[in-house]
Amino acid sequence: MNCEEVRSLISEFYDQELNQEISRSLEKHLAGCIECQKEYDSFNKIMKVLNKLKTYDIPRNYLEGMKKKKKQNCFK
Amino acid sequence: MKADEFQLIKSAKEGDREALNDIFAREQKYIFNLMIQLTGDGALADDLTQETFLSAYQNMNKFRLQSSLRTWLSKIAINLFRREYRRKSKHVSICLEEIRIPSKEDIPERIIIKREFQWCILHSLQQHVPKNYRMVLVLRDLQNMSYREISETLSWSISKIKTCIHRGRKILRAHFINGKCKAFAEKDYLCICEEILDL
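Respectively, the protein sequence lines represent chains C and L.
With our numbering applied, the first sequence corresponds to residues 1 to 76, in that order.
With our numbering applied, the second sequence corresponds to residues 1 to 199, in that order.
Hint data in this document are derived by calculation from the structure and do not stem from the laboratory.
Treat the hints with caution; some may be incorrect.
What the hints assert, rightly or not - Subject to a maximum C-alpha distance of 20 Å in a straight line, what follows is the list of computed SDA-like cross-link-like pairs (lysine to any residue): (1) L/K170 - C/S8; (2) L/K162 - C/S23; (3) C/K48 - L/R173; (4) L/K2 - L/R148; (5) C/K48 - L/Q118; (6) L/K114 - C/M47; (7) C/K45 - L/H166; (8) C/K54 - L/P108; (9) C/K54 - L/T39; (10) C/K54 - L/L142; (11) C/K54 - L/Q126; (12) C/K48 - L/S146; (13) L/K160 - C/Q16; (14) C/K52 - L/I112; (15) L/K13 - L/L65; (16) L/K62 - L/S155; (17) C/K54 - L/Q28; (18) L/K170 - C/E39; (19) L/K162 - C/N51; (20) L/K170 - C/D15; (21) L/K75 - C/L63; (22) L/K170 - C/C3; (23) C/K52 - L/K114; (24) C/K54 - L/L44; (25) C/K52 - L/R115.
Just chain L, same shape as in the assembly (with noise of 0.2 Å):
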């Protein structure tokens, strides 16, 4: 943990609602792209934002200072997360199945393109790969966390998160090669989709 944020935190445990506000702002947009890269809703990612704060406000008092303020909101996050995902048990599937690329002179066609593969990139880790995989290759993939972190976010030991990010990886790419997106991988989607993202 960085020494200022070390020095906030203790300020804000000890009351200093200023600092409180400070070091939680720093942290919102984090945890807002967690929500959104986990469930794939704008409006419950929101939702689930505002409780992980309202949480964290409340349980200032027990945090320990052993992990870093963000590994620590973002185990609330999860938590939110996952009492969420049992009381919704919801798929529908809307993979794309053909899209046709736009010439590269195209530029606003293809920006509009781009938009659609990362919806379809996130709709495929969101719907296809089981909550316990997609928890960890979100924090890891998206959000650079280490595996250290990860640990200490999930509660789950270092092998069980090797376990994990390796076999959603394994979900994930089969996905993209042998699933509903198949039509992207005989046309070398994954080039196509890379070179689109670049954009």
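The shape of chain C in the complex, shown without the other chains (with noise of 0.2 Å):
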């Protein structure tokens, strides 16, 4: 496998999609090329910082929101 091939199945390797051929063949060369583990190790501080984003509290409850509406005939 070589660096291009690599870079393209980095996204998909992340999310362990791949079969297990084709995963050891690119840890295989993650494990022998700098460039291309910098790369992976950059790819993944991304995926990091968005596993981390918060969540939002809803601001208010929708369903009651639906009986209201429900009451004003919208459910037709």
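Assembly of the complex is requested from the two constituent chains, each provided in isolation within its own frame, with the hints serving as guidance.
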């Protein structure tokens, strides 16, 4: 596997969507290629940051709104 | 789909309103977060979430139980987002150019900066990643959907999903490193950002 192939598969590798054979081949390449390793580390950092974004609490109960709308004959 | 969810949905489809409210109540936070991550606008996310549940109530008889309820609701929400996106065309770039990172002792300051970083990341996603890529990134990386669930939600093939996830992540990464957040990149922004988000 060459660098170009590895970089095109990094995303699927991260998501564990590759079959075992391709994964192993990619891991082998990463272990021996500093540039691709750097690329993968940088990719991992972005993913970590994304995964840590906070979640928001709902500002209101949307189902209560439904009940009110129902009273206003919105359900026809 | 879990057995209890399947039973509740069946009851809901047969007219059990309590069961319907029960299953919808479980998904409110998820759908609201999905909308806020896609739009970056709390008021718009609020409206679209309300519309999603209104539409779901009205179309419950069309839900065929072929996907999970979450996937079906996400599909409704995404379609409303697409409609809204077509209606509005806006972009005001207000990326943060420079932030001084407070020292480790200064916890309140760091919490404020953490909020600003989070805002900057979401802003980058919403304003600098094209809509199709953004949708798959939000579903995959913020909402943890599987490739198959995303494919059902967007009615796209798995191979298209794979391509969009790959390209979307690449664009987002390039934006941080080469774009308006270059100031951060030069100061090892990602490491700082990660450290701040660990607070």
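Exercise. Which of the stated hints cannot be reconciled with the structure, identified by number in ascending sequence?
Worked result: none
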